[in-house]
Amino acid sequence: MRKSASEKTQSQALVTRRSLLVGGLQVGLVGALGARMHYLQVQESDQFRFLAEENRVKISLIPPARGEIFDRTGRILAENVPTYRVTLTREDTGDVDETIASLGRIIELDPEYLAEALEQIKKRRGDVPVTVADKISWEALARVAANAPALPGIEPQVALSRRYTLGADFTHVVGYVGPVSDYDLGRIENPDPLLHLPRFQIGKTGLEARQEDDLRGKAGTQRVEVNARGREVRELGRVEGKQGSDVQLTIDHNLQNYVQARLGDESAAAVVIDCQTGDLLAIGSAPTFDPNLFVNGISVADYKLLLEDDHRPLVAKSVQGTYPPGSTFKMVTALAALEAGVVTAEDTFSCKGYLEVSSQKFHCWKHSGHGNVSLVRSLRESCDVYYYELALKTGIKNISAMARRLGLGARHDIPMSAVAQGLAPTKDWKKRVKKEDWVLGDSVNASIGQGFVLASPLQLAVMTARLATGRAVEPRLVKTIDGVEQPSGAGAPLGLNENHLRQIRRGMFEVVNHSRGTGRKSRIMSKASQMAGKTGTSQVISRRVKASEVPWEQRDHALFVDFAPYDNPRIAVAVVVEHGGGGSTAAAPVARDITLQALYGDDPPLSEYPSRDRGRIRAQQKKLRALRPAPSSGSDDRA
Amino acid sequence: MSYLEYNVKFVPTGPRKFLYINWPLALLLIAVASVGFLMLYSVASGDTSRWAEPQMKRFGVGFLMMIGVAMVPIYFWRNVSPVAYGVSLLLLVAVEFFGDVGMGAQRWINLGFMRLQPSELMKITLVMLLAAYYDWLPLKKISHPLWVAIPVALILLPTALVLRQPDLGTSILLVTGGGALMFMAGVHWAYFAAVIASGVGLITAVFETRGTDWQLLNNYQYKRIDTFLDPAADPLGAGYHITQSKIALGSGGWTGRGFMQGTQSRLNFLPEKHTDFIFTTLSEEFGFVGAIGLLVLYGLIIMFCVSSALSNANRYGQLLTLGISMTFFLFFSVNMAMVMGLIPVVGVPLPLVSYGGSAMLVLMIAFGLLQSAHVHKPR
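Those sequence lines, one after another, are chains F and L.
Just so we're aligned, residue 1 is where the first sequence starts under the working numbering, counting upward by one.
Just so we're aligned, residue 1 is where the second sequence starts under the working numbering, counting upward by one.
By construction, these hints were calculated from the structure, which means they are not laboratory data.
Note that the coordinates shown come from a computational prediction; the quantities given were computed from them, not determined experimentally.
Yeah, the Cβ is synthetic: ideal placement off N, Cα and C, and Gly gets one too.
It is possible that part of the hints are untrue.
Just the calculated beta-carbon pair ranges, DEER-fashion [as the list claims (entries may be wrong)]:
no., chain 1, residue 1, chain 2, residue 2, range
1, L, T255, F, R223, 19 to 27 Å
2, L, T48, F, Q43, 57 to 65 Å
3, F, I62, L, T48, 23 to 31 Å
No more than 25 Å apart at the CA atoms, straight line, and that leaves these computed lysine to aspartate or glutamate pairs for DMTMM-like [to be verified]:
no., chain 1, residue 1, chain 2, residue 2
4, F, K8, L, D135
5, L, K223, F, E485
6, L, K223, F, D97
7, F, K242, F, E44
8, L, K57, F, E485
9, L, K246, F, E485
10, L, K246, F, D97
11, L, K223, F, D46
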């Protein structure tokens, strides 16, 4: 179509007008874009720069190596070993199931473990890495690392895990660590950010739990530049943390091993204490179990087995178990009476087999009676009536006070789990707790360590050490922390009359060394090692039948306390065999063997035993030697 | 007018045409493209071979094509306009059947030597056809409903095909570019008022139909709109692009973090950092000064185009120049508005800067047409 010149001019004018209009609009839009740039880049710049900084710098925690635990000889008990594991961070993964499936093609995954991990992934925050495969081999870890680009959010990691070198021997003392649980987190106010790390291990029981603050150390931090995928590009800086403190125990691992082996499968406990320093040389509780089972989470079946065992392997009976001390309490009653001045060691009481108090008959264990009994004889032959008489004269107030002075009814706060307080009953206590008035019969029962009196093996060992030295020996479990010696437990003199103490010790000496002593069969032959002790049998159920005819859980507890050597006490031992029957038969031989082992630091010569026992003892030594730990490689140890 | 008749005789011919090319404009194109090379070098962490080098080669080829196209008389281009449009339309249909699926959309057609995006071609050929149409149409018929309906159909046909791919960004560009050309050609303003009014109605409809069987957009498109409206709701999910992009832009400040120092782009926080989001890298590394600098370069390109158009007595050349410059304007302004969080993310590259083969070549051909109009304008 041809156009006229005028039409051309007209259209030109129209186009010019319209394009200028559009041009104006464009200028406006460009102005708007410029204004927006100014807003974002100049006005709001600080905020965005801050966000960008946050975007690219990730602060991650460097977990400190947990402090190691050694015995008094420097043998390592709890060490850290590297383990390899794979974590998954939901936020970085995209499709969790798909990533897990790809991971499953590269390494083998434990379905049970994985199911639990998937549960965690759902529950936890998206930026928390969750372990999906633990304790994998180095080769498997390498395969994962090589395939990392195809596995978003998956990270191969090397972590330190706890290992207990001597396994079951130290279970109840050292305890064990385990991964932090939701329960743990809920209990701790303002938890250390470390605890949120995947599978971070904290002390669950025993020393591991009680010394957690020392052992854990302080986390270091690492500032790393990361890309949008969360992959670390480079390290910007690092603040080193503090490694956990090493803890050295007063326990001797050889003696500990012997104690555990000697207690065997009995439901029993034994405590060996250094009389002079209060150092705990062994704290045995049987049966025991391998703490390594718990480190990475124990299986339900294994745990159930431990939980349902009637010998209660999970309980540290040495410090948690409290028992009526029975006749081992008689030293307390005797000393209370002597100190109160109501009797002298020479005073005698007549035992006709029972004593009637408030028209109730209290029997002596020897129904035919002991006749005239003095202090030393009363201990030696464990006459009950003698103590009934003392109780009536001395009163529960004095007895209870003496018990406390000797370390009973008071909590010795050594760093183990649930250390028991025991009970040295008073009239006030009964009124407060039982809502009943104290009656004379209660004092009579208490005088022979029955009734309300309760003591743990640890307390009995402390009591014996205090009787042996006359000083307020305090038990000590931790020798050094980070090489720093902890306060000794030697204690100040108790202020007891040395003559009275000598009478008590004499009585204890005759228990094992006099021809009529209740513990004579367990005597030590050489004069240099001779021990003094006291048998105890505490009733579980009041019944006069032969022990072997009663079901196990109704049999009496067997107790024995001793110190040795008699002339120059070095160690004190307390042994409780639950439902073991008589103290002289079930507990005394065990205590004697442990005492000798502690004195010699090794198997004692057979000459220390009565000659007719030697054959049996030789066989026993051979059997127990087989259970000893291999001598350590040396490099693990510290001098 | 004798003046015009006289000047028409001075349309340059032969090799002399070369001198009549709009060289300032050509230099501006080189300048903008160079900014692109620099940024592609930077986002590849100093690796030339990854993006910068292929981009330079393409630009070189495109530049030569531009010169080549500029040498061909403008009336030839006017005459082939309907054919070019028809071919583009056929290619768009072909994409429906033979297209490669890339990034979740069917956009590419493989020609053997290169992968062509017919929708790119359509942006230019639509402008060509509309310019030719209004060159042919007498001025008095221009606002007649029938003669308005025809270009509207010519615009909506390819738009519908592009929307099916689905490529919302290009669809918007086609409609807006075509509409702007119609407006500048002189169609009565009442039509545009009506369209804008119904556009508002359409947007309402888009949101109203969401979740029903006949919803007008894809779920991912709805999601993008949601994200645009509230990017903070899911900063690591769908809002990620916008949030990260704004952080990159904002952290640039006045003068930026310096060349190759942008942590956002360097550390992969930015998605599509070498294509649609390349402007954020520029802003982060060169700051407000750099970003405004690029905006000024773009503005100058538009200015040279518009001034060339206004001094062009050839109606086809004039409308073509205006149409192409409008398309170019839409390209960069939509991209910038998108990365700055002013409009939803629609997938429009930054012209001459973003990495991309067919977009670059098509754009240079378009500037060739524009240059041809300039060279052959009656003087």
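Hints and how they fare:
Between T255/L and R223/F the Cβ separation comes to about 26 Å, which falls inside the hinted range of 19 to 27 Å. Taken as a hint, the range 57 to 65 Å is violated for the pair T48/L and Q43/F, whose Cβ atoms sit roughly 36 Å apart. The hinted window of 23 to 31 Å between I62/F and T48/L is violated, with their beta carbons roughly 39 Å apart. Only pairs whose Cα atoms come within 25 Å are accepted, and K8/F paired with D135/L is accepted, the gap being roughly 10 Å.
Note on K223/L and E485/F: the hinted pairing is violated, with a Cα-Cα distance of about 67 Å set against a maximum of 25 Å. Using a Cα cut-off of 25 Å, the hinted pair K223/L and D97/F holds, with the two alpha carbons roughly 24 Å apart. The suggested pairing of K242/F with E44/F is violated, with an alpha-carbon distance near 40 Å, which exceeds 25 Å. For the proposed pair K57/L and E485/F, the alpha carbon gap of about 77 Å is over 25 Å, so the pair is violated.
A C-alpha spacing of about 59 Å is found between K246/L and E485/F, which places the hinted pair above 25 Å, so the restraint is violated. For the proposed pair K246/L and D97/F, the alpha carbon gap of about 32 Å is over 25 Å, so the pair is violated. The suggested pairing of K223/L with D46/F is violated, with an alpha-carbon distance near 29 Å, which exceeds 25 Å.
When the structure is compared with the earlier hints, violations turn up for hints 2, 3, 5, 7, 8, 9, 10 and 11 and for no others.
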